[in-house]
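*Asks:* Dock chain S against the given chain F, drawing on the hints supplied.
Protein chains in written order, with our numbering: chain F, 1 to 336; chain S, 1 to 455.
Among these hints, one or two may not hold up.
[Stated by the list, open to error] Below, in silico cross-link-like pairs of lysine-lysine (DSS-like), each with a Cα-Cα straight-line distance of 30 Å or less:
(1) 115(S) with 326(F)
(2) 296(S) with 110(S)
(3) 106(F) with 317(S)
(4) 207(S) with 287(F)
(5) 133(S) with 286(F)
(6) 217(S) with 238(F)
(7) 117(S) with 326(F)
(8) 311(F) with 217(S)
(9) 326(F) with 133(S)
(10) 106(F) with 445(S)
(11) 311(F) with 133(S)
(12) 107(F) with 113(S)
(13) 326(F) with 113(S)
(14) 238(F) with 207(S)
(15) 445(S) with 97(F)
(16) 326(F) with 217(S)
(17) 240(S) with 326(F)
(18) 181(S) with 326(F)
(19) 311(F) with 207(S)
(20) 451(S) with 106(F)
(21) 311(F) with 117(S)
(22) 286(F) with 181(S)
(23) 296(S) with 311(F)
(24) 181(S) with 311(F)
(25) 241(F) with 445(S)
(26) 445(S) with 67(F)
(27) 317(S) with 107(F)
(28) 133(S) with 287(F)
(29) 107(F) with 321(S)
(30) 217(S) with 241(F)
(31) 326(F) with 321(S)
(32) 111(S) with 326(F)
(33) 217(S) with 286(F)
(34) 207(S) with 286(F)
[What the hints assert, rightly or not] Looking from chain F toward chain S, a few residues come up when the C-beta cut is under 10 Å (computed):
(35) 105
(36) 115
(37) 166
(38) 200
(39) 201
(40) 249
Source of the hints: derived by calculation from the structure; they are not laboratory data.
All C-beta atoms, glycine included, are put in the ideal place defined by N, C-alpha and C.
Letter by letter, the chains look like this.
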Amino acid sequence: MDFINSIVLLTNFIFVPALTYGSQLALGAIGVTLIYGVLRFANFAYGDLMAFSTMLVILFTWYLQSKGISLGILPTAILAIPIGIIGTIFINLFFDKTVFEYYRNKKSSPVTFIVVSLGIMFVLNAIVRIIIGPNDINFMDGERFIIKANEFKKITGLDEGLAIKSTQFITLIITIITCSVLFYFLNKTKTGKSMRAYSNNEDLALLSGIDPSKIIFLTWVIVSILATIAGTLYGLDKSFKPFTYFNNLLPIFAATIVGGIGNPLGAFYGGFVIAFSEIGLTYAYKKFFVYILPEYLEPNSLVQYISTDYKFAISFAILVVVLLYKPNGIFKGKIL
Amino acid sequence: MKNNFDVKIAFSIIAILFIFVGIFQSWGFALSILNLCLISAVMSMGVNIQWGFSGLINFGVMGFLAIGGLATVLVSVPPVYEAWSAGGKGILLSAIFIILVIYLIFLINKKIKFKYKNYLIVSLVILLIPLMKFISGPSINAIESIDAATSGYLGGLDLPIVFSWFVGAILAALVAFVIGKICLGLRSDYLAISTLLISGIIISLVKHEEWLSRGVKNVIGLKRPVPYEIDLQNSIWFPKLIEFLNSSVLSSISNLDKRTAMLTDLVISSSGVFVKLCFSIIFALVLIVLLIFSEKALRSPWGRMMRAIRDNEDAAKAMGKNVVKRHLHIFMIGSAIIGFAGAMLVTYDGLFTPSSYQPLRYTFLIWVMVLLGGTGNNYGAILGGFVVWFIWIESAPFALFLINILLSNVDDGNSFKVHMVESIPYFRYLMMGLGLLLVMRYRPKGLLPEKIIRS
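Next up, chain F with everything else stripped away, as it sits in the complex (with noise of 0.2 Å):
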């Protein structure tokens, strides 16, 4: 009973939260790749973005909500994702137009590209906090819990409870679904086989006849859709503040980067390595070992590898890590 009530406690405290911040970075860290891989730079703005695509998010729900609208036990949110993707489409194309573009004709160095998106980041913060200000939008409803703590430990008889947030449930499903879209469009398409040809050699690409505007606009397109998702779910899941996004932005790279940048399968696997680091090596471990070893072993300390003030520090030096002795990332990028 003990080993079942640790396994519990487990995948309540580790299992359960790392599997939806991972699915959330995951998604986040793919759009920054299919950046990297087709437009070939950092896109520093991109936490900005998914605020950006969040507010869009949270002013069309709360536009629904006043018109009465809800999906019953789903959050609202959900129905207000396809307009959210929309606005950040608009936003994106009319960034490249403007902006992007115009270096890219240049064919300028991928710093100058940095510093173009620190300004585009800049004009993203201003815009999303002059629009919804800077505070706590907290923009869920419908059902919070899918199975809360007490009920469990009620139908199980354990000790241990488990509560699993619905948030966290839609945030596995949505990731689910749009990544094997997106897997399969990419590698079974042939769009998104031209796409990955571009991006593995423009020259040859465009030899073949593949239309470069064609897959930049198709690049920014799916990012937006990825943006959207991912700061929605995150919304969901925690709460909307763009300071926070900003800050998402750093473990995100980092995932990216240790999945191997441009290639968007290590970066779903690269949010994961970062979320369960960051959550494995935070938490304190007393309660699990108290419960599967004999009385006379029980520790008396916390048992906790380094302490919660350092959770975003765990996934920069995981990324310093990688960056030393695996440059190209734990699953090899650099190919699309």
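*Replies:* The following block gives chain S in isolation, referenced to the frame of chain F:
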């Protein structure tokens, strides 16, 4: 000579702007903007040395600024003797332990030929963290529990605070040495991302190691290199000086009581201005010395070598220059200047607040300064520091003015107008972003482009 003309015009415009602020807002406000402009100019010169002189992209500015700030605490604050006696031994012991482990890693790296030595080093570091916690944990707890509301940390050395600026520079250079050893081999965009993330690690260390820096509890009431307002007001010479300067105004008031009341008001308001003026003089001196040195460096054979490395690394390598070593040196020098500026900033603020270090304000804004002002040109970097900080501060009043004009026929209670007025602070981000985008597009070398020096 035409370029020099540009510099003169640009800085005259800035001077006129400051005079406008002085007249229309207040002289104290103008001086406080000026002081932060001077500090920002020092920061952007540091970044300019890295990015403009040798093309290294360092997004870890925030981290080096925080190290400089930490130095002010470690140098100027009086030591907390109880904390030292409670946990000093444990801290020293763990410091020795860390040094030993670093030496061990160094030895492994240098001496041993072993296929998996990289993994060995990583596992050593991973093992180090719980061991460190085991060794230093009790003493850290002891230190942090001593008088937690007011101290709870080891304190500093109780030395004059100006000294800490140099310590900040040295500390920042040492950290830059470590970071440079790790990251400088990376390509530009990887370097940008990794320095950004490493600065994040530095900030979380400063924020959460309370025995060292008090962390989020902040250190307030730091020393000053200039007199305090209250001492000035109680001194004999300062009121006399003010009386002398304002004698024409004062003599026009016949009533004696009113005259003394006005004099006290004047003394109080001008003591603040005087303190800021002292700061301005010190900061300006620092900036001028730095400018002279880096102009000299730019024109020296060393500067030529740096430009050669920046513009064509392979050619420089072929000429026998040790590119890796030069990069490491310039990374350290630039970071030292940034650390110096960080210490100056904390000294000026009089308090050290680790939680205020955010990448947008302390990394990317400095970068905007350099890019806007002119990469590779010292005057450009200084101009960038001035212009950007000026806009950063003055954009809020400007936005308010603009909103009032555009929405002049909308009444004040209108929710849209209220919302816009509330979000005025964020217009500065918009201005920065648009400014950066426009400069990158139409003047990619910045407002004052780099001069080609032929010697």
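*Asks:* For each hint, tell me whether it holds in the structure or not.
*Replies:* So, going through the hints one by one against the coordinates:
| no. | hint | verdict |
| --- | --- | --- |
| 1 | 115(S) with 326(F) | 15 Å, holds |
| 2 | 296(S) with 110(S) | 37 Å, violated |
| 3 | 106(F) with 317(S) | 28 Å, holds |
| 4 | 207(S) with 287(F) | 28 Å, holds |
| 5 | 133(S) with 286(F) | 16 Å, holds |
| 6 | 217(S) with 238(F) | 26 Å, holds |
| 7 | 117(S) with 326(F) | 14 Å, holds |
| 8 | 311(F) with 217(S) | 20 Å, holds |
| 9 | 326(F) with 133(S) | 29 Å, holds |
| 10 | 106(F) with 445(S) | 15 Å, holds |
| 11 | 311(F) with 133(S) | 16 Å, holds |
| 12 | 107(F) with 113(S) | 43 Å, violated |
| 13 | 326(F) with 113(S) | 19 Å, holds |
| 14 | 238(F) with 207(S) | 23 Å, holds |
| 15 | 445(S) with 97(F) | 22 Å, holds |
| 16 | 326(F) with 217(S) | 39 Å, violated |
| 17 | 240(S) with 326(F) | 70 Å, violated |
| 18 | 181(S) with 326(F) | 16 Å, holds |
| 19 | 311(F) with 207(S) | 13 Å, holds |
| 20 | 451(S) with 106(F) | 23 Å, holds |
| 21 | 311(F) with 117(S) | 27 Å, holds |
| 22 | 286(F) with 181(S) | 38 Å, violated |
| 23 | 296(S) with 311(F) | 45 Å, violated |
| 24 | 181(S) with 311(F) | 25 Å, holds |
| 25 | 241(F) with 445(S) | 35 Å, violated |
| 26 | 445(S) with 67(F) | 52 Å, violated |
| 27 | 317(S) with 107(F) | 25 Å, holds |
| 28 | 133(S) with 287(F) | 20 Å, holds |
| 29 | 107(F) with 321(S) | 29 Å, holds |
| 30 | 217(S) with 241(F) | 24 Å, holds |
| 31 | 326(F) with 321(S) | 27 Å, holds |
| 32 | 111(S) with 326(F) | 22 Å, holds |
| 33 | 217(S) with 286(F) | 28 Å, holds |
| 34 | 207(S) with 286(F) | 26 Å, holds |
| 35 | 105 | 12 Å, violated |
| 36 | 115 | 6 Å, holds |
| 37 | 166 | 32 Å, violated |
| 38 | 200 | 18 Å, violated |
| 39 | 201 | 19 Å, violated |
| 40 | 249 | 9 Å, holds |
The structure fails to meet hints 2, 12, 16, 17, 22, 23, 25, 26, 35, 37, 38 and 39 from the earlier list, while all remaining hints are met.
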